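Protein chains in written order, with this note's numbering: chain A, 1 to 193; chain B, 1001 to 1561.
FYI, nobody ran anything at the bench for these hints, they're computed from the structure.
A few of these clues could be false.
To be verified - Distance ranges between label pairs, derived from CB positions:
1. B:H1323 <-> A:I150: 30 to 40 angstroms
2. B:V1061 <-> A:P50: 35 to 45 angstroms
3. A:G88 <-> B:M1535: 28 to 38 angstroms
4. A:I150 <-> B:F1354: 35 to 45 angstroms
5. A:R21 <-> B:G1299: 21 to 31 angstroms
6. B:L1115 <-> A:I106: 48 to 58 angstroms
7. A:T11 <-> B:V1493: 19 to 29 angstroms
Being a predicted model, the structure only gives us computed values, none of them experimental.
All C-beta atoms, glycine included, are put in the ideal place defined by N, C-alpha and C.
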Amino acid sequence: MSAAHVPLATTRSATGIPTGRLAVWWVLASEIVIFGGLLAAYVMFRLHHPHWHAEASHTNTWAGGFNTVVLLTSSLFAVLAHQAALRGDGPRAARLLYATIGGAAIFLLVKAFEWSTEISHGFTLFRDTFWSFYYTATGLHGVHVVVGMILMTLIAADARRDRNLHRVELIGTYWHFVDAVWIFLFPLFYIAR
Amino acid sequence: MSHDTAAHAAAHGSVWRRWVFSTDHKVIGCQYLFTGMAMAVIGGLMSYVFRMQLAWPDAPVPGYGVVSPGEYNALVTNHGSIMIFWVAMPVLIAALGNFLIPLMIGCDDMVFPRLNRLSYQIFLLSALVLLGSLAVPGGGFGGAWTSYPPLSAKGAYNLTPYGAPLWLVAVALEFVAFLLGGINFVTTVMNARAPGMKASYIPMVVWMIIIASILFMASVGPLVAGAVMLLFDQILGTRFFDPAGGGDPLLWQHLFWFFGHPEVYVVLLPAMGIVAEIITVFSRKKLFAYNTVLLTAAGTGVLSFLVWAHHQFVAGIDPRMAHLFTVTTLLISIPIAEMTFVFIATLYGGSITFPTPMLFALAFIAEFLIGGVTGIFLGSSGTDIYLHDTYFVLAHFHYTFFPIAIIATFAALYFWFPKMFGRMMNDTLGKIHFWGTVIPFNFIFIPLFITGMGGDHRRIYSYENFPMQMTPFLQELRIVATVSLVILLLFQVVFLFNFFWSLFRGPKAPANPWRANTLEWTAPSPPPHGNFATMPSVYRGPYEYSVPGRADDYWPQHVAN
Ligand code: HEM
Ligand SMILES: [Cu+2]
């Protein structure tokens, strides 16, 4: 049944904007308020806890900075993948998506290194509310990175066979969002001492 | 062409495929409806148990037994959570939205049918987790639907080490289901409208469900973040909300009410939309000031984000902040009053008839008015400091939620039943049910306003622990409320009988029994898979009733001239 019946609704576009693109933007809008709530809460706490200054100095700014560069580069690959998809070059789009996934993997490795050194130095989730926020925010962001990697793998596999090329743009939009969230996390948790 | 194959496949598919794993928006709508109705029965029976306890303290409740304090708390908490998250939202938004949106905008399904099915499945899972949370060791969560920490944050405080996290997981799953559903609704209305369906031709109830979905998406985010933090507090032992560990319980109150107050409008707006559809049809008049209603609805949505701290007047917030929130709260009564006036102006001079859906729609306006007016007392920080957390508050919000979640829902069910199931409900039974619901409802909650002013604090297991509150007068009022509740619940049996009897035995419904204009009535009753034989085009707004110079007093949206 599901194969036989493709609802007309899925192909209509009264706004002229592809439905998938609309949906991704709505997803991101609801994600923005989630991260927004978390970070707003963090900022309020930060203002009332001057001693967090000292705690924050124990995060590894170099690792965080390196990761920022990695994410920005991976976003660039996502843009190039989108361009390739627009030209109808599925295999090239797929290769560029794999490069994006590689960036995500490096990011996670660095993150794992940071977390393990921090934990081994006693800066655990429970040490102080600062660290609770730190692990929760970077963890939630990390979950988004992992989800992005899974989706990109699926989409790249499709794109390699020139199928569903429009999804390359959608995952790219999502990936820029993940990138943008990090751009907020990095100064809030690493730089602002 | 695709429709023939679809209808063919649907007719021959297994029961499983057709009813359980269907992606048809109407089937999913009905799944939400029946799940919501089942949860309403459970939530209603819970209120029976705890009200009996309050009327006759410590006596065994017929059909249940003696209520322990822990059970009392769990019942209250889950009654509130169920009524809002598993009855009002699924029925008003998910069930009606799913059923009505594609039919009313003139297309054959949602733009993401499989996402739609997934959202129901997650919702069903959330309901099962919630019910399961009542059966785990330690019992169900009893820290109120607002789940304030630090009480809710540690098993050692709330004595429900499994019930509390499970409750939170259930609520979180429910949010995920509604986020997915909302994205589907909004994109469907943006992109899948029939040719000619301009924004100003969209029926009000569709608009309201869309605005409500956007409101939900915009308000729930911070609470999702808060829920993650609370869950970490509960199961990992972080101290986000525990002052003993550097956390702050007020933070939760801000995150919760930033969502909690808009949530009232999330369920209110669809109810307003239902009433708009019904009163135009049964007074044969155009909706007074369509554009203004839309603007006010959107404005109410925006304003609803600026009032949350009126729930925290006694929580130790800065008095200057209390002033600010008093002002914004009182401001919000203006748009709401405006909508009520629009309804009255629509009725004015109409040729009104009173079938059951119309009675419920009118009762909604009248009862909701009481809820709104009593809200003014609570929105003013001065009076709220005295009335906070008494039964006055409780009666107030039931005067808003009961009309929304119960009265407007009944209006919608009696109105769209013929379209949903292809048969008519019995109008006489409907009217018996109407009076049997609306009269006892007032006899439950008017007494509770009085006990509230008499000092009854809410969430109290037995007033015998507070001898001052055990005057014969107050106790008699509690008994009146409880007896009225039992009467109200008994009359719901009339509804259930009418509903299920009509489902199988009711007279066959014509395509357009109420002579309404909107597109859903041009499809057969019940609409087949794919909805319309030919996709409609739209020529005018939804409320062209009694247009001078026309033979019929209605002028359907799809008729060219
Ligand atoms: C027959 C109808 C109903 C009756 C008699 C009833 C009665 C009550 C009572 C007595 C309480 C407070 C108990 C206590 O604090 O000790 C309560 C709590 C509550 N009710 Fe209802 N209720 C009804 C329907 C509804 C409906 C339709 C909704 C919402 C859609 C609703 C939402 C709530 C909420 C949110 C709470 C607060 C729970 C909490 O404090 O955690 N109720 N109800
Ligand atoms: Cu409020």
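Legend entry - Numbered hints the structure breaks, given as an ascending list: The structure breaks hints 1, 2, 4, 6, 7; every other hint is satisfied.
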